[in-house]
Amino acid sequence: MLKADIRRKFLARRRALSEEEVTRRSDRLRNLLIQQFPTDNWQWLHVFLPILHQKEPNTWPIISEFLHEESPVKLAVPVVQADGHTLRHYHLSPDTQLVENRWGIPEPVGAVEVQPAQLDAVLVPLLAFDETGHRVGYGKGFYDHFLGQCRPDTVRIGLSLEPPVPRITDAWPGDVRLHACITPEKVWRFEQ
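Note that this note's numbering numbers the sequence shown so that position 140 is 140, with each residue one more than the last.
Simulated from the structure, these hints should not be mistaken for lab results.
Quick reminder that beta carbons are idealized off the backbone N, C-alpha and C, glycines included.
Where hints are given, some of them may not hold.
The following label-pair restraints were derived from C-beta to C-beta distances [said to hold, decoys possible]:
1. Thr-86 / Gly-110: 26 to 32 Å
2. Ala-16 / His-91: 34 to 40 Å
3. Ala-4 / His-91: 32 to 38 Å
4. Ala-82 / Ile-51: 15 to 21 Å
5. Leu-11 / Gln-97: 28 to 34 Å
6. Pro-166 / Leu-98: 36 to 42 Å
7. Val-112 / Ala-16: 35 to 41 Å
8. Asp-144 / Arg-102: 20 to 26 Å
Kindly produce the complete structure, drawing on both the sequences and the hints.
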């Protein structure tokens, strides 16, 4: 399938989900992340803050798992820059104040910047993914650019409310593939 067709289809499927179903699936994503990944080995986990009215996977249960003083894992979150094309990343602590931006995404105010090279793992937002680890997002390229700045050993983990499509036919070499993708049913792992 082509990215544009996948984007259209999966946006419609997501919009059709009830809030209760999004919550149920998101809780399952959190459980599988904690059960299946060596989070104790990570110093920095990058997590997106969800646009809840868009019915994105709710990452707040994951954030709650690590957002306390005793956690050895520190959290980083993205902020879209004024140019509308790039992301910068900031430490999310229990004291961080959040303010919604123009897209309804919560962003940290006055937080310490975190460099992509510091990150041990990144939770990647997506609309859909395929059985080889390619993903379809909203089409702005934010995460392909950002993931290209991370260390080669930074673990790229997608969070999907849906199972994969067999193949994204118009994936190109600049698309950064996932190492794994968590769905409510299972963790998909991809050869690199």
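Tested hints:
no., hint, verdict
1, Thr-86 / Gly-110: 26 to 32 Å, "violated (20 Å)"
2, Ala-16 / His-91: 34 to 40 Å, "holds (36 Å)"
3, Ala-4 / His-91: 32 to 38 Å, "holds (36 Å)"
4, Ala-82 / Ile-51: 15 to 21 Å, "holds (19 Å)"
5, Leu-11 / Gln-97: 28 to 34 Å, "holds (31 Å)"
6, Pro-166 / Leu-98: 36 to 42 Å, "holds (38 Å)"
7, Val-112 / Ala-16: 35 to 41 Å, "holds (40 Å)"
8, Asp-144 / Arg-102: 20 to 26 Å, "holds (22 Å)"
Violated hints amount to a single one, hint 1; each of the other numbered hints is respected by the structure.
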